[in-house]
Amino acid sequence: KNQVEQSPQSLIILEGKNCTLQCNYTVSPFSNLRWYKQDTGRGPVSLTIMTFSENTKSNGRYTATLDADTKQSSLHITASQLSDSASYICVVNPMDSSYKLIFGSGTRLLVRP
Amino acid sequence: ETGVTQTPRHLVMGMTNKKSLKCEQHLGHNAMYWYKQSAKKPLELMFVYNFKEQTENNSVPSRFSPECPNSSHLFLHLHTLQPEDSALYLCASSPDLGYNEQFFGPGTRLTVL
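Protein chains in written order, with the working numbering: chain A, 1 to 113; chain B, 1001 to 1113.
Calculated from the structure, these hints are not laboratory results.
Careful, some of the hints might be misleading.
What the hints assert, rightly or not - With a Cα cut of at most 27 Å, we get these calculated DSSO-like pairs of lysine-lysine:
(1) K1040/B / K1/A
(2) K1041/B / K100/A
(3) K1022/B / K100/A
(4) K1/A / K1036/B
(5) K1041/B / K71/A
As the list claims (entries may be wrong) - A few chain B residues that don't get close to chain A, going by computed Cβ distances all over 12 Å:
(6) V1012
(7) G1028
(8) P1066
What the hints assert, rightly or not - Just some of the chain B residues that point at chain A, by a computed CB distance under 10 Å:
(9) R1009
(10) K1040
(11) K1041
(12) P1042
(13) A1092
(14) Y1099
Note that CB positions come from ideal geometry on N, CA and C, so glycine has one too.
The shape of chain A in the complex, shown without the other chains (with noise of 0.2 Å):
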């Protein structure tokens, strides 16, 4: 069965200081794997998209990861803002399914100051 785990559950981090969130997935084959951020009570917004023969793509101070051999991808944030408080959701994009995506249940991230 295709799905995204993503670790930790939720996070909680001082303003400045950097971050990981994981995400491992068992879709095979798959197209593309996205990060997308999620402010409270809003919709995903798109971080990065990356292709299955990409290693990394970077968005201003997010950093996405990818290793395609052990199916594990990392958002790295750099330098955390107040701002950055939200939900990171991983979304993987199936080979055989153009638009059926497979989500991950997102990391509630908590910048303080």
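The hints should help you fit chain B onto chain A, whose structure is shown.
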């Protein structure tokens, strides 16, 4: 307005009420989606439309009835809902049903009493 908009943003209804959720996209896309997001659970795909034609009904109960009059508008008609239907309902759009990024609206927070 740009992007994907949804109205209302919040809705409280009784189990015997009939209400409708509206989604509008201003991106010129041809595919539109309804998702359900319950607390601490992954997004669940409900319906997919492509060029106004329904291409996916993910075993959704008949008390949810979608309507897509054109490629820019999507409705979700609700009647005789259950308390467990309380959730955030998200609309999304993409250029087509290929391996494209999906752009999400802000969602409608639905509470069924």
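Results of checking the hints against the structure:
no.	hint	in the structure
1	K1040/B / K1/A	holds, 20 Å
2	K1041/B / K100/A	holds, 16 Å
3	K1022/B / K100/A	holds, 22 Å
4	K1/A / K1036/B	holds, 20 Å
5	K1041/B / K71/A	holds, 21 Å
6	V1012	holds, 15 Å
7	G1028	holds, 17 Å
8	P1066	holds, 16 Å
9	R1009	holds, 8 Å
10	K1040	holds, 6 Å
11	K1041	holds, 6 Å
12	P1042	holds, 4 Å
13	A1092	holds, 8 Å
14	Y1099	holds, 5 Å
Violated hints: none; the structure is consistent with every hint.
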